[in-house]
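J.: Residues per chain, in single letters:
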Amino acid sequence: MEKVLDIQNLCATFSIQKKDYEVLHDISFSVNRNETVCVVGESGCGKSVTTLCVMQLLPGNGKIKSGSIYLNGTDLTKLSKKEVRKFRGKKMGMIFQEPMTALNPLLTIGYQLRENIMNHRGVNKSEANKLALEYLEKVGIANPDKRLKQYPFQLSGGLRQRILIAMVLSAQPDLLIADEPTTALDVTIQKQVLSLLNDLKKEMNAAILFITHDLGVVAEIADRVVVLYAGRKVEEGTTKQIFKNPLHPYTIGLMKAVPNVDLDEFVIQPIPGTFPNITEKIEGCRFNPRCPHANTCKKCFEEAPQMLEVEPGHYVACHLSK
Amino acid sequence: MDQRKVLIHTRKLKKYFPVNKTTNLKAVEDITLQIYEGEKLGVVGESGCGKSTLGRVILQLYPQTSGSCVYHGKSIQELNPTYIQKEIDHLKKYQTKAGEYYQESLKIDKNIEQLEAQREAFDVNGNPNDAKKYDAISKKIAKEEFKSKELKKNASRQLREGSRSVGSLILCENIDEIADLFTKAQNEVNLAHDCLMKLNDLQNRYDENAVLIVEKDRVDDDIQQLINKEELNEAEELQLADLYATKEKTEKLDLQKLIQENQKLEPEIKQLKEQIKKHHDIEMEYRTQAFEYRGKNILPITERTFDAAYQKKLDDNYETGINLSKLTKKEMRFVRKDMQMIFQDPAASLDPRQSIGKAIEEVFAINTMMPKKVRKEKTMQLLTKVGLKREHYYSYPHALSGGQKQRVGIARAIALDPSFIVLDEAVSALDVSVQAQILQLLNELSSEKNLTYFFITHDLGVVKHFCDRIMVMYLGNMCELADSKELFANRLHPYTESLLDSVPRLTLQEDRKEVEILEGEVPSAMNPPKGCPFHTRCKKCMEICKIQKPDYIEAKPNHFVACHLYSKEAL
Numbered sequence: 001m002e003k004v005l006d007i008q009n010l011c012a013t014f015s016i017q018k019k020d021y022e023v024l025h026d027i028s029f030s031v032n033r034n035e036t037v038c039v040v041g042e043s044g045c046g047k048s049v050t051t052l053c054v055m056q057l058l059p060g061n062g063k064i065k066s067g068s069i070y071l072n073g074t075d076l077t078k079l080s081k082k083e084v085r086k087f088r089g090k091k092m093g094m095i096f097q098e099p100m101t102a103l104n105p106l107l108t109i110g111y112q113l114r115e116n117i118m119n120h121r122g123v124n125k126s127e128a129n130k131l132a133l134e135y136l137e138k139v140g141i142a143n144p145d146k147r148l149k150q151y152p153f154q155l156s157g158g159l160r161q162r163i164l165i166a167m168v169l170s171a172q173p174d175l176l177i178a179d180e181p182t183t184a185l186d187v188t189i190q191k192q193v194l195s196l197l198n199d200l201k202k203e204m205n206a207a208i209l210f211i212t213h214d215l216g217v218v219a220e221i222a223d224r225v226v227v228l229y230a231g232r233k234v235e236e237g238t239t240k241q242i243f244k245n246p247l248h249p250y251t252i253g254l255m256k257a258v259p260n261v262d263l264d265e266f267v268i269q270p271i272p273g274t275f276p277n278i279t280e281k282i283e284g285c286r287f288n289p290r291c292p293h294a295n296t297c298k299k300c301f302e303e304a305p306q307m308l309e310v311e312p313g314h315y316v317a318c319h320l321s322k
Numbered sequence: 323m324d325q326r327k328v329l330i331h332t333r334k335l336k337k338y339f340p341v342n343k344t345t346n347l348k349a350v351e352d353i354t355l356q357i358y359e360g361e362k363l364g365v366v367g368e369s370g371c372g373k374s375t376l377g378r379v380i381l382q383l384y385p386q387t388s389g390s391c392v393y394h395g396k397s398i399q400e401l402n403p404t405y406i407q408k409e410i411d412h413l414k415k416y417q418t419k420a421g422e423y424y425q426e427s428l429k430i431d432k433n434i435e436q437l438e439a440q441r442e443a444f445d446v447n448g449n450p451n452d453a454k455k456y457d458a459i460s461k462k463i464a465k466e467e468f469k470s471k472e473l474k475k476n477a478s479r480q481l482r483e484g485s486r487s488v489g490s491l492i493l494c495e496n497i498d499e500i501a502d503l504f505t506k507a508q509n510e511v512n513l514a515h516d517c518l519m520k521l522n523d524l525q526n527r528y529d530e531n532a533v534l535i536v537e538k539d540r541v542d543d544d545i546q547q548l549i550n551k552e553e554l555n556e557a558e559e560l561q562l563a564d565l566y567a568t569k570e571k572t573e574k575l576d577l578q579k580l581i582q583e584n585q586k587l588e589p590e591i592k593q594l595k596e597q598i599k600k601h602h603d604i605e606m607e608y609r610t611q612a613f614e615y616r617g618k619n620i621l622p623i624t625e626r627t628f629d630a631a632y633q634k635k636l637d638d639n640y641e642t643g644i645n646l647s648k649l650t651k652k653e654m655r656f657v658r659k660d661m662q663m664i665f666q667d668p669a670a671s672l673d674p675r676q677s678i679g680k681a682i683e684e685v686f687a688i689n690t691m692m693p694k695k696v697r698k699e700k701t702m703q704l705l706t707k708v709g710l711k712r713e714h715y716y717s718y719p720h721a722l723s724g725g726q727k728q729r730v731g732i733a734r735a736i737a738l739d740p741s742f743i744v745l746d747e748a749v750s751a752l753d754v755s756v757q758a759q760i761l762q763l764l765n766e767l768s769s770e771k772n773l774t775y776f777f778i779t780h781d782l783g784v785v786k787h788f789c790d791r792i793m794v795m796y797l798g799n800m801c802e803l804a805d806s807k808e809l810f811a812n813r814l815h816p817y818t819e820s821l822l823d824s825v826p827r828l829t830l831q832e833d834r835k836e837v838e839i840l841e842g843e844v845p846s847a848m849n850p851p852k853g854c855p856f857h858t859r860c861k862k863c864m865e866i867c868k869i870q871k872p873d874y875i876e877a878k879p880n881h882f883v884a885c886h887l888y889s890k891e892a893l
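If you're matching them up, the sequences are chains S and A in order. Every letter in the first sequence is one number past the one before it in the numbering used here, and letter 296, counting from 1, is 296. The number in the numbering used here is simply the position in the second sequence, starting from 1, with 322 added.
Check before you lean on any hint, since a few could be wrong.
A few chain A residues that don't get close to chain S, going by computed Cβ distances all over 12 Å [to be verified]:
no. : residue
1   : 444
2   : 479
3   : 497
4   : 532
5   : 622
Quick list of in silico lysine-lysine cross-link-like pairs, DSS-like style, CA-CA up to 30 Å [unchecked claim]:
no. : chain 1 : residue 1 : chain 2 : residue 2
6   : A       : 551       : S       : 299
7   : A       : 551       : S       : 19
8   : A       : 343       : S       : 146
9   : A       : 465       : A       : 432
Below, a sample of chain S positions facing chain A; criterion: calculated Cβ distance under 8 Å [claimed, not checked]:
no. : residue
10  : 186
11  : 188
12  : 217
13  : 266
14  : 269
15  : 271
16  : 274
17  : 275
Since the hints were made in silico from the structure, they are not lab data. C-beta atoms are modelled at their ideal positions from N, C-alpha and C, and glycine is treated no differently.
Bound conformation, chain S alone (with noise of 0.2 Å):
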């Protein structure tokens, strides 16, 4: 299989007060064609961080430490900001949480379509318009042509995320980063977002980065999925691996802390205790203030678990599942 995005041992630190803190330690993965994988965790986990690793867009107090990114082969991380210029957007491109603040409201939708269009596929203002009202088709709009004049403010949320990604998709990126594009929508317009996305995948042959803090948006979107925790991965496999056989302590957690709709018992189970600051320091696994098994097992205090795979394609970090 043809890997479009392969990550290897990035980590990452932030500067806060001119001390650096470890936001991503070691992690590895990587995005094949027509592929969606899914990264989850709860917020602060650095799921954002690695899309915005892979875009080249920390803030100022950010940076990568060591590690690779290789987007079909070039490593990202290796290029001037001037030649990362040429990827962003045209190679990769991605779409955001709040699809109101990604546009500009001054501008109507045509021409920031037609903007997006004619630079990165280099055409001129009418083929441009062209391939504008192609795009917004393919993402199932109606009667396109009304609304390319229109501004962002007369749309509602699901068709403005809809915009957003006919907006990525147009320049035909390789790598499509979508960073919980469903989030601010609600239930039907996010089964709606969702299934087109299915839908463009298998036409377009695309590999997609999905980034969400929902379970159940990974089972209906991803193949394969990354757990993070506290900014190391805990656990990777199949999407039929995680939810069939989830290995981690903390992934099984998360599977009985969601209130499941398809079951008619079921009672609250929480992850007790907090999610760790970045500034916090713990000794071992990551997860062990948390975890139910740390108690029994001596070594979760004194060494962090390394990654094992447990079976083909099934990858996972804890001292427990050797």
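Chain S is fixed; fit chain A onto it per the hints.
T.: Here is chain A on its own, set in the frame of chain S:
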């Protein structure tokens, strides 16, 4: 049939937000709903369906456009709102007005009789001129009849208007006696209030002493505990400083003296409590005496007043609860102690420059007359109750995580022992693992304090496992209302069906059956579709749906639905 006590009853509640002179944003439309005591009622729907507005209208944070919202948690006697007194004063006015209307209608009736006599005189079949005149008079009669009907309607409307808070009392002849009884009752209320103020002072002194006794006992241990710690954070340092201050103060105190004083206070407090109870009893007696007049000595204002069924209707109209929309702002504040709200974003509802302790203590400072010492102790107790530590009293919001901030929000809401809480997307902004913790806490609190929740959310998984009953809303209208298990097992309304189908599930795609995706988006509430609001997106849309709005019916016991598929005409 239903033994549960109703806490809040809304009738045809409406809320329109004016947009410009001609258009209104119809946020909430005709909500008739009973909320029972101790239940957790979940409200689900897409954004913009009016669920938050409904919650706020019930709390009277937005004034309602029409309809009524009656609160049964406190009896009308306890609050004794001014609108009741006003209505009692108006009893006579209503009566005379109704009488006037009725007399006028009688006059018109006489007129009609005369006209009819005139009409008889014409020969319809013979003279064509006469036929014309006959028709003209017939028209006139019809007009007059309509007028008389309207006047009679007005008369009974006047009576009904006055009956909201007094029932069929309005039909009594000796209204002066009734008004007198109410004045006497009011006097007792004032006396009881005076006693209550005295009691408050004594109780506060008692509580303060009790707190001092406990503090003196504990302060050394607490200090020792903190000193033993290696590293202190910001909050703990503040706590330590505070503990030293209390130590200094309490050292001079004589424990024996405090205990003796409290022993002296105890009988006095008990006596005052009894006195208050006595006043209340007398007051209640006067009120019951007043209501004994109901249905007796009926004043013949209209023909209908002799009708037993009409009397019953008036009595049904009588509200035992408090009509929230009629309260003055000051009175509403008093009731709002019982009705609290928890907001979605815990960070936005806390002042970043106010410590957690101060934020919670503020509630007591404003609403009660507790002395400072007691307030602080109460706050500490609350903090431990919602799963925080005593040291959090001294920390600031930025030092807490999202879940902890929401716990502070909960602590503030339950501080005054409310009976009804509106939770507006209270767990939506939290991560799943923390969300589960908060839900567990809410569950514990509700069973412990018999709280009633009005739980607004868009997460169907949460409502299913957290709430007892679920109401589905669409575009300001109620679609369906049923027990949560019943709703998920037997969904009746097509919208509920689509909504449940679109929830992301934890099952894999291969194990899942195909469902149809709900197309389109919610129409604007400024210009809602005619007929059933959902017909533009409904798959089972029929002709009638486009014309007529479906009634809200009980399709199965305790399962209400507003859809033409289940209305009687369709069956």
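J.: Output the indices of the hints that this structure fails to meet, ascending.
T.: The structure conflicts with no hint, since it agrees with every one listed earlier.
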